[in-house]
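Respectively, the protein sequence lines represent chains D and R.
Letter by letter, the first sequence follows residues 1 to 265 in this note's numbering.
Letter by letter, the second sequence follows residues 1001 to 1159 in this note's numbering.
To be clear, the hints were calculated from the coordinates, so they are not data collected in a lab.
Nothing here was measured: the structure is a model prediction, and the numbers come from that model.
Glycine included, every Cβ here is placed at the ideal spot set by N, Cα and C.
Honestly, I wouldn't trust all of these hints.
[What the hints assert, rightly or not] Covered stretches of chain R, going by a simulated chain D footprint (3 or more residues, C-beta under 8 Å):
1) 1028-1038
2) 1069-1081
3) 1097-1103
4) 1107-1113
5) 1127-1134
Residues per chain, in single letters:
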Amino acid sequence: MSQDLRRDFQDRQDLIDYVAEIFPQTANFEPFVADTRGGRRAAEQLFENIDPKKYGATRNNISGAVTYLSPYIRHGVVTLREVRDLALRRADQRKDAAKFIMELAWREYWQRLYETLGGGVWDDIEEYKTGFPPDSYDEELPVNIKRGTTGLACIDAFSRELRRTGYLHNHARMWLASYVVHWRKVQWQAGAEWFLEHLLDGDPASNNLSWQWVASTFSNKPYFFNRENLERHTEGLYCRQCLHYGSCPFEGRYEDLSQKLFQIQ
Amino acid sequence: MNTIIWVHEDCLHPTGPAYMAYPESPSIFVFDDAGPVMSLKRYVFIYECLLELPVVIRKGDAVQEILGFARRHSADRIVTIATPSPRLKRIQQKLAQSIQLEVLAYDPFLEFTGTVRLERFSQFWRTVEPYAMLEEPRSEGDQEVAIPGSNTNDAAAGS
């Protein structure tokens, strides 16, 4: 029988050292710890970030008015209901909160599906709509994606941010997932597992089903993007410093990229 | 009846339903040996959440640890919070073979008890939107259809 784990720590570093010691398997990962603190008090400080109207207008931008509440929602430290109620109170008109609340509803939707699917969230729900059979996708995530050494400034930055902070903006998750599945032809499961190792809000339902949405095993079409889209929503942050600017794999019109990436008639 | 609370990682709310219903009952959280593989930052985040709860923290086989905790407190009932996680449900099932288990609902997002189609988010949203927005439910003809991903400017291939 084990002993009670410690509850008293001198400071955060003391806690971090202790957690690393009692979970030796964490040595398989880089020893990064997020600035984001766990707990209800930290979550309540983020309540001031709830600005539903601004969120609706800017949420697709990397610098948009997101709340960073997702890790607390994932672990039930705050509830969807209380976040929704706060958003409605802060909206001048109910419709100003519609986009924000719709995103909360996505979480509810994924949870309800999880109740139905259980461990089935790890299986392809539908076939890929990319024109490729499932076995044409690699099972392993390429090392240069895991390490952030692809040479693509955006992808490498997303990989680094994921591993260092345990957080990625939703749009960055979609771009990275799309790159993994459609450009590198890797099974979505490999990417989903990688995300779950690192994301503070990692939840098998929201995570895996979103990966399936990108992959097209739980959507009508594969999700992909082009450089122009990424550059616009990141205000050029990555493209400006990228050695492959103008000739990166994301360059081109959607029609042309679709031809390159998929075997769709 | 002596009751203990089993806190799991899907409900780390300091005033969650179990703590509200049984404020005097001792509680336990177990980092389950069969839990998922995670990097250090995820463990630290969860641990920090736990430090704000009046909970005994253990590590090991979840079922054994929880039942051992119940025995030490002469408990004949375990209370926990509902979860969709299949791993946590399996633990619930094993506990229920040995002791009375009460599973409380987590603060529901929607005051909606009807059936809803889950094939696509658009169907789900069409049904639940008025409940999510705390509006009066509207007639079918008034409802907008939200298409997943339509809120970005990105493309999706095919048709």
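Comparing the hints with the structure gives:
1. 1028-1038: Answer holds; 4 residues pass the 8 Å Cβ test.
2. 1069-1081: Per the Cβ count (1), the hint is violated.
3. 1097-1103: With 0 residues in contact (Cβ-Cβ under 8 Å with chain D), the coverage given for the segment 1097-1103 of chain R is violated.
4. 1107-1113: holds (count 4)
5. 1127-1134: n = 5 at 8 Å, threshold three: holds.
The structure shown violates the earlier hints numbered 2, 3.
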